[in-house]
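Colleague: Following the hints, complete the assembly by docking chain B onto the known chain A.
Residue numbers (the numbering used here), protein chains in the order written: chain A, 1 to 325; chain B, 1 to 246.
Just so you know, these hints were derived from the structure itself, not from any lab. It should be emphasised that the depicted structure is a prediction, and the values quoted were computed from it without experimental measurement. We treat Cβ as the ideally placed atom computed from N, Cα and C, and that holds for glycine. One should not assume that every hint holds.
[To be verified] Once the Cα atoms are required to be at most 25 angstroms apart in a straight line, the calculated BS3-like pairs of lysine-lysine come out as:
hint : chain 1 : residue 1 : chain 2 : residue 2
1    : A       : 77        : A       : 130
2    : B       : 90        : A       : 110
3    : B       : 212       : A       : 317
4    : B       : 90        : B       : 162
[As the list claims (entries may be wrong)] Covered stretches of chain A (chain B as the covering partner; in silico rule of three or more C-beta atoms under 8 angstroms from a C-beta of chain B):
hint : segment
5    : 57 to 71
6    : 205 to 215
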Amino acid sequence: MTTRLPRTIPWMTIAFAVALFIPILGTRFYTSVATDVLILGLFATSLNLLLGTTGLVSFGHAAYFAIGAYVCAIAMKTFEVPFLLALPLAGIAAASAALVFGYFCVRLTKIYFAMLTLAFAQIVWAICFKWNDVTGGEQGFNNVPYPDLAWMEVLPGLSRMRVGELYFYVTLVVVCLCLYVMRRITNSPFGRILTTIRENPERAEFVGIDVRRFELAAFVIAGLFAGLAGALFGIFNRGVFPDFGYWAKSAEVLIMVILGGMGQFFGPLVGAFTLVVLNQQITSYTEYWPLVLGLLLIVLLYAFPAGLLGTIADLVKSLRGRRDA
Amino acid sequence: MLEISGLRKSFDGFVATSDVSLSVARGEIAAVIGPNGAGKSTLFNLITGHIRPDVGTVHLEGRDITGAAPHAICRMGMGRSFQRANIFPKLTVFENVQAALIAHRRAATDLWSASRDIFRDETHMLLASLGLGPQAEVTGGTLSYGNQKQLELGIALAGEPKILLLDEPTAGMSSVETAETIGLLQRIASERELTLLFTEHDMDVVFAIAHKIAVLHQGRIIAVGRPDEVRADPEVRRVYLGEQHA
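The following block holds chain A by itself, in its conformation from the complex (with noise of 0.2 angstroms):
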């Protein structure tokens, strides 16, 4: 055997090249789906850096994805702030509240953290619920308008395209961005320390780490690249509603990357990627598609404990060490 596969492959630049052909040789379909997948990857990734790097598992996550898509299109809509700015502010704003909430979650540990984080997000899902004036209430914040991204025609290849598929490119760059960015800091001495804070708070404690302020960062972090994915949910959905802020959009998050593989920095895309995937399938044939995908899930969790990625990895590194053995 004296062929070698390369020992590192740009899986990150060639899922990023196979993208950006998806809105011209799919159908808009495959582009409103693949929107989705990046945005919900993007949620879900977010929430990994709490779950698989630190060790935190929040049920409440939903709270700061819901925060970043009232904020931003509020911002958008009623004061009509442009997208370039509505953006960041969300993406603020959901990490303020990431902060003030994070202060006080940060104190407990385990289960009592984790009921936490649910306790503030219903509360965030009860003021989009009942705070008619602002965030429309019960009937949702309706009619969020696309950012002008007439700009974007004079693009090679663009020129005559939808706006649907012109924001499906919007969300490919902040998506990839946003990855590279979580990606840096997981891989930085922050992101080993959090790791550490995952493995044995009492251990990192006494090598001098204070855990609560590290955990604290971690969770700002996190709400921050939640409310980011919150606002550009927002504009691709036309609407936001008081649904995105309840638990079972948190619970929903935290399958994605149980299902992807908590231990893999591209775990929660893929496992975005199949619940999306499969809610679309299974939804077409049944209108049980919540028992049905509700037995895959546990099929599939029992299959790969480690999730689908987790599973992949394990085997790709036994393969490897086989023949460099």
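Modeller: Below, chain B alone, put in the same frame as chain A:
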């Protein structure tokens, strides 16, 4: 170096330590011995900030550290190992020690550099001095128990402590591992001019390396002194040593 005076701690009426005073001089190797439940672990937790004393003070190099948070006390130059090997089990041996270096050298707030190669040489040097060089890429949790305790020592040493508190450094070790660990501790203490305070069950270990021994019994110190003084103390013989060295 370390000055403990009048420490008292009770839990729901049970007095775990009562009026414990002890001073450890720079470069000294001091041991705290006592039967199970004598309050050794409580004493250590009081010193390292894991629990707050009801009464009494702890001074490190003249600074009052009573009731300070563990991470703050660690930053002031105190290292610690725990009774059960307390490492980062899913990180590699290299990453375990490297993480401690990141924390100690204040690189922990760096969100942007790649952590892979940071402090690489220092980490490998430290691992080599502990005899863990060949296992650098092994997952910490898969090491033998003795090696895990050595790794924990490495984590503590990465913080370049002035004083090191070791809670039963040879607990759960085979006699070979115990002998290795003792040799290692003595070598490192003299190389780094460390002050050591440790608790230990194995009396052979204690009398082999300690300059000073304090005997704890039912939360009180009943004797302090050089090993030969403590060995001869009638009270100590009665409550403790007699049980083993009759």
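Colleague: Next step is simple, just say for each hint if it's right about the structure.
Modeller: Against the structure, the hints come out as follows:
| no. | hint | in the structure |
| --- | --- | --- |
| 1 | A/77 to A/130 | holds, 19 angstroms |
| 2 | B/90 to A/110 | holds, 19 angstroms |
| 3 | B/212 to A/317 | violated, 52 angstroms |
| 4 | B/90 to B/162 | violated, 28 angstroms |
| 5 | 57 to 71 | violated (count 0) |
| 6 | 205 to 215 | holds (count 8) |
When held up to the earlier numbered hints, the structure conflicts with 3, 4 and 5 and fits the remainder.
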